[in-house]
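The listed protein sequences correspond, in order, to chains Y and V. For the first sequence, position 193 (counting from the first letter as 1) is numbered 193 according to UniProt numbering, and the numbering increases by one without interruption. For the second sequence, position 16 (counting from the first letter as 1) is numbered 16 according to UniProt numbering, and the numbering increases by one without interruption.
None of these hints come from the bench; they were simulated from the model. The reader is advised that the hints may include incorrect statements.
In this list, chains with the same sequence are indistinguishable; a pair is considered to hold if it fits within one copy or across any two.
As the list claims (entries may be wrong) - Below 25 Å or equal to it, Euclidean Cα-Cα: the simulated DSS-like pairs (lysine-lysine) are:
hint: 1; residue 1: Lys238; residue 2: Lys84
hint: 2; residue 1: Lys208; residue 2: Lys84
hint: 3; residue 1: Lys63; residue 2: Lys333
hint: 4; residue 1: Lys62; residue 2: Lys93
Number of protein chains: 2
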Amino acid sequence: MSGLTSSANADSGRTVISVDAMGGDRGPAAVVAGISLSAKKNPDISFILHGPEDKLRRLVAKKRNLEGRVEFRDAPDVASMDAKPTQVMRQGKTTSMWSAIDSVRNGEASACVSCGNTGALMMLSVVRLRKLPGVNRPAIAVLWPSRNPQGFNIMLDVGADISADEKDLLQYALMGASYARNGMELTRPRVGLLNVGTEEFKGRPELKTAHDLIEKNAENANFDFVGFVEGTDIPGDKADVIVTDGFTGNVALKTGEGTASLIGARLREAFKYSPLSRLAALMAYTSLNRLNKRIDPRRVNGGVFLGLNGTVVKGHGSSDATGVSAAVKLATKLGQSGFSERLAARVASAVSLPQDDPTSTTDDNK
Amino acid sequence: MSGLTSSANADSGRTVISVDAMGGDRGPAAVVAGISLSAKKNPDISFILHGPEDKLRRLVAKKRNLEGRVEFRDAPDVASMDAKPTQVMRQGKTTSMWSAIDSVRNGEASACVSCGNTGALMMLSVVRLRKLPGVNRPAIAVLWPSRNPQGFNIMLDVGADISADEKDLLQYALMGASYARNGMELTRPRVGLLNVGTEEFKGRPELKTAHDLIEKNAENANFDFVGFVEGTDIPGDKADVIVTDGFTGNVALKTGEGTASLIGARLREAFKYSPLSRLAALMAYTSLNRLNKRIDPRRVNGGVFLGLNGTVVKGHGSSDATGVSAAVKLATKLGQSGFSERLAARVASAVSLPQDDPTSTTDDNK
Numbered sequence: 001m002s003g004l005t006s007s008a009n010a011d012s013g014r015t016v017i018s019v020d021a022m023g024g025d026r027g028p029a030a031v032v033a034g035i036s037l038s039a040k041k042n043p044d045i046s047f048i049l050h051g052p053e054d055k056l057r058r059l060v061a062k063k064r065n066l067e068g069r070v071e072f073r074d075a076p077d078v079a080s081m082d083a084k085p086t087q088v089m090r091q092g093k094t095t096s097m098w099s100a101i102d103s104v105r106n107g108e109a110s111a112c113v114s115c116g117n118t119g120a121l122m123m124l125s126v127v128r129l130r131k132l133p134g135v136n137r138p139a140i141a142v143l144w145p146s147r148n149p150q151g152f153n154i155m156l157d158v159g160a161d162i163s164a165d166e167k168d169l170l171q172y173a174l175m176g177a178s179y180a181r182n183g184m185e186l187t188r189p190r191v192g193l194l195n196v197g198t199e200e201f202k203g204r205p206e207l208k209t210a211h212d213l214i215e216k217n218a219e220n221a222n223f224d225f226v227g228f229v230e231g232t233d234i235p236g237d238k239a240d241v242i243v244t245d246g247f248t249g250n251v252a253l254k255t256g257e258g259t260a261s262l263i264g265a266r267l268r269e270a271f272k273y274s275p276l277s278r279l280a281a282l283m284a285y286t287s288l289n290r291l292n293k294r295i296d297p298r299r300v301n302g303g304v305f306l307g308l309n310g311t312v313v314k315g316h317g318s319s320d321a322t323g324v325s326a327a328v329k330l331a332t333k334l335g336q337s338g339f340s341e342r343l344a345a346r347v348a349s350a351v352s353l354p355q356d357d358p359t360s361t362t363d364d365n366k
Numbered sequence: 001m002s003g004l005t006s007s008a009n010a011d012s013g014r015t016v017i018s019v020d021a022m023g024g025d026r027g028p029a030a031v032v033a034g035i036s037l038s039a040k041k042n043p044d045i046s047f048i049l050h051g052p053e054d055k056l057r058r059l060v061a062k063k064r065n066l067e068g069r070v071e072f073r074d075a076p077d078v079a080s081m082d083a084k085p086t087q088v089m090r091q092g093k094t095t096s097m098w099s100a101i102d103s104v105r106n107g108e109a110s111a112c113v114s115c116g117n118t119g120a121l122m123m124l125s126v127v128r129l130r131k132l133p134g135v136n137r138p139a140i141a142v143l144w145p146s147r148n149p150q151g152f153n154i155m156l157d158v159g160a161d162i163s164a165d166e167k168d169l170l171q172y173a174l175m176g177a178s179y180a181r182n183g184m185e186l187t188r189p190r191v192g193l194l195n196v197g198t199e200e201f202k203g204r205p206e207l208k209t210a211h212d213l214i215e216k217n218a219e220n221a222n223f224d225f226v227g228f229v230e231g232t233d234i235p236g237d238k239a240d241v242i243v244t245d246g247f248t249g250n251v252a253l254k255t256g257e258g259t260a261s262l263i264g265a266r267l268r269e270a271f272k273y274s275p276l277s278r279l280a281a282l283m284a285y286t287s288l289n290r291l292n293k294r295i296d297p298r299r300v301n302g303g304v305f306l307g308l309n310g311t312v313v314k315g316h317g318s319s320d321a322t323g324v325s326a327a328v329k330l331a332t333k334l335g336q337s338g339f340s341e342r343l344a345a346r347v348a349s350a351v352s353l354p355q356d357d358p359t360s361t362t363d364d365n366k
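Just chain Y, with the same shape it has in the complex (with noise of 0.2 Å):
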């Protein structure tokens, strides 16, 4: 352990992200990359890096911004891609991501980053960081790019769980509007619950149960419940918030990903198939610029862990430089906000209230 101390960074007034350098498809490189944008970007974040430390001193050292921002945390093993959750967790303490929750655990950064093995990550998270009293399952949610006004919707669970009964669902709801009211500023935010059809008669059975419990809970929980929404409706403006069980949300996700890469690919090619074509792609390089800009994933890069004591961000495996400053940036408004206690107290205030006699309500709003 060496670098600035911890008090160094607590002294300096900054928000204190912690990383894990070694998750990722992309090796460390990109991540001290990410985090020197994010530098760039934003004077009010230092880090804690975890990882092997002489390799990472030396990146570190080559970003001139990120001098006196950056502490390290020696952890020489890496948890990698494809092990199993277990193994990772018998590798245990000298991994870079162990390593990485821990500082949050211990409170010495607001929030930990990490583009490594989802799987892992959780499991060392709810290890580590432990669930709020209440929660049953945690969640992973997500932004999507969508046609509500803020540009985004928050999906959730996009694969923490495979399944989910209506007491997880009516949690990811509670978990979902706190997320919308501290990540995205919005009052009053509209959830949806995903099944298939909008009338009442489709869908499954225990979606149903679910539907009923989450409009109870909607008024005294401060959102508005929309009902049953679609696969539509996930990048629509029916909602902000869409719930569903980790199954049904990883596949969207991936189905969402798959496409929106497939339509990029065919728009490449578009554009090369004549000299004529090469001409207008050139001119029309901003336009499609700014569309990247809009839908690239890269840019709204981060799964946040929901319903533990601390906040985890995920990146993609396969984040880049933007990636990873935008994962970061995400971690920086949550770990600001003070988003993990109000969402704990928001948790506990629905947990200890009888369902059918809400006699008090939690603001986490402000």
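Starting from the structure of chain Y, add chain V where the hints point.
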């Protein structure tokens, strides 16, 4: 009943397609415009049109190229888009949908096309055409734009039923492979089972049972089983046929549609941003048009109902003439290939074989 007689249609040597003129959001004018488009492109098709006869005759009379190629079946009632399937059942044989299916049932048409209420169309199809021996749950299969050389993948079920056990999933694999052979000329289709994560230790336990069952039957049924696939693979090139339950498939389908539609809207906005970008859009017109042809959902319009004694193609509810024509094209192709009979033979052969000791094969490839 008037117009051409059935025998006149039969004598023409044309493939006869039965069309529900009242299905779909855009009414009979869009349907008639669609079959006119089909008639122009393919001289080997004739039609039986179901709906209010006077109205349909007036619409058809305006299309010169339909002269002598359309028979009418008077059906005054409409199965509305938001009616419950059981309501439509009660309306009975006076609906254009029922009438259209019956033309396949009584052998006067090779396939049926409707853009109407999916739930009602499936229920009527099951009741009037009956399930194939050995099929528990019929499925709806769609063509999905993909990175594969054939340009599309097949996915099923996308919403005929909201759940599926391992035997249903095996039947979907058999039916999907058969569809790929007859609809796409793929001799040995690659079949994947949709799950979250491709590692063996992830995903729902019941899917592992299905995985093993499909694997065991693949060789005998003449397809390659590529194992678990993820949402990203639906538009990918790892598999030609993606098998899943109707709930997950429907969410994936609608997520893909919603994502493509959002990107399309953003693309148009990007090109309207400034005078220069509008000029670029003009220059890029042919490129964008070429792209549109490759990913336009109207051109791959048509979910096929699999597992019934007869071919039913469900067009998108919002189909315009192009969409209806695409659905007719698919119905014609399947009708001409004798797909329905081959599929029946395939399913029957799989059902009658002892699973562990296959002693014969039925080849539905020729």
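A quick look at each hint next to the structure:
no.	hint	verdict
1	Lys238 x Lys84	between (38 Å within a copy, 23 Å between copies)
2	Lys208 x Lys84	between (35 Å within a copy, 17 Å between copies)
3	Lys63 x Lys333	within (23 Å within a copy, 62 Å between copies)
4	Lys62 x Lys93	neither (28 Å within a copy, 78 Å between copies)
Of the numbered hints stated above, the single one contradicted by the structure is hint 4.
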